[in-house]
Structures are given as C-alpha cells and as structure tokens.
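J.: Sequence:
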Amino acid sequence: MTMSSDTSKSKADAKRATGASVPAKPEPTRPQVLKALHVGSGDPLLLLHGFMLSPHCWEQTAARLSSQCEVFAPAFAGHWGGEPADGWSVDIHALADRVEDQLDELGWRTCHIAGNSLGGWVGVELARRGRARTLTLIAPAGGWHIPSLAQMRTCLKFLSLVPVIQIGKRLGGFAINNPVIQRLALLPLSKNAAAVSRRDTAAAITATLNCPAMLAIIVGTARGPEQEDLSTLQTPVRLLLSEYDRVIPNRSYARRYLKELPDSADRIVVHGVGHVPMLEAPDRIATLIAEHVYASRNRLRAV
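Going by the working numbering, the residue at position 211 of the sequence shown is 211; the numbering climbs one at a time, nothing skipped.
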C-alpha cells in the first residue's frame, strides 16, 4: 500500500515539475442562447414554445420530426433568444405578428403548426389568419374568458414567480445546474422529472430567468382581447391535453377548447405527462404531431 501511494505522489510531483496540469473535473456548462431551431426537409412545420420557455424545449421532438418535415421553432419576442418586445403590454396579436414576419422571411405562405401553452394560443391566431395547414394544440393557453376567475388565477400564478426569478438570477449558475433546484423547477412542467434530461431542465430554467417581457405579456393577456369562438376555425385541429397539467389544469382551462372546437377536431388526453410533454415524452409528441400532418395531406389545397 505504501509503495502504491508513493508512486502516485511521484507521478503528481513529476507533472508539477514539467508544468503539466492535472485534469480538472469539468464544470456544468450553461445552455447557449437559441434564436430558432431550423432543421430537416419536407413539409413546413412551425413549432411554438410556451410562456417563459425557448426553442430548446422542442429540440428532441424536432430531431424526430426532421426526417419528414422542415422544422422551424423560433423564440418568441421578449423571450430568451427572441427579439425585444416593445411596450409595457404585449398581447397574442403582437406575438403572432412577429411570427408571421418570420414565416414571410422563410417564404412559407402556409405551414403545419404545433404549439404548446402560449404557443398553442398564438397558433390559433395564426390559423385565423390563414397561415395554418394543420394545427396541433398541446396544453394550449387562452381557454378562458376576459375577465374571469380562471384568467385572474393564471395571471396571479405567474406574478408569484417574480421574487423566485429574482432570487434565481442572483444564484446564477448554481440555480441552473443544481439537481435539487432542477427537480423543483420541473414540478409544474412535467409528471416524471426523471424522464427529463438535465440539459433540457437547465435550458428551461435559463429561459425562465431570461424572459424580459414576462410582465408585459402578463399585462397583455390580462387586458385582452379575449380569444374568439373556436368553432369558427377552418383548419384541421388536433387537441392534446396533458393528464397531469399543473399549470393550467384541464378541469378549469380546457373546457372552452373541448366545447367550442369543431366536431371534426381530435381530442386526445396524453397520459402520464405534465404541461410541457415534449420534455418527458418527445417520441409520443412527435408521433402525434406527425400523424396529424400526414392525415391532412389529401386535404391540402394550392395557395
């Protein structure tokens, strides 16, 4: 035992004498800002993330869809990676305006659209503007009347995060990479936290801590305008509700979608997942989006 210890000490002394450095344990790296994901080829598919998140949440799902679709997942204005959002109030129409500009830049007159939470709400607005070939709504927001108790609860829920976010900013990298904080951050977003990679969790936390338009969007959604009657949508719609949605629980926030969407719309409960199911079940979400895209092919029209 003594000989082994002395040998190790001699090797370390030799490295110091020659100027060689002993490899340090790699530190966790912060996720990099992402303005947009743009991968694959085929049918144009727009993926829209939720409030205070970023395109990172779509990475695994986009990779699975990229073999059949040209996938574009931009960061919303006022979010991490997105363009600045002007004004003290930012509503759904303002967010949709910027996404429309991006579609025009790509040359996409129409495309398939899938949106989660806030992204679903914006997706509905884009469909009303004639930009959607199909629409897949994943735990969509906006299923409330203005004013209403449900709307007030949602605004207050996000406002309660303000002091938490300020603390997180002060903690910096510790808040992003700490396993305990990561597990707590996943409570509202997922059902099975163990199914979400640490990299995806770190990206979600980073995006939440870097959403400059947070208050402006809360104000904008509180002021309205209210979402129009969903029964008037002409686009083929697939509604995916998360069984364990803790952010906008189905019993309170899915009623309008379930009641008002056209009878032709698919209504599916995705079992065992939380509000952002792409994080914990990317295979299932990719399959459900792809099914809806492919089923629509014989109904496409020239534009």
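One or more of the hints may lead you astray.
[Claimed, not checked] Here are the computed lysine-lysine pairs in the DSS-like style, where the Cα-Cα straight-line distance is at most 27 Å:
no.	residue 1	residue 2
1	Lys157	Lys169
2	Lys35	Lys169
3	Lys157	Lys259
These are computed hints drawn from the structure, not numbers from a lab.
J.: Next step is simple, just say for each hint if it's right about the structure.
T.: Going through the hints against the structure:
no., hint, verdict
1, Lys157 - Lys169, "holds (19 Å)"
2, Lys35 - Lys169, "holds (21 Å)"
3, Lys157 - Lys259, "holds (25 Å)"
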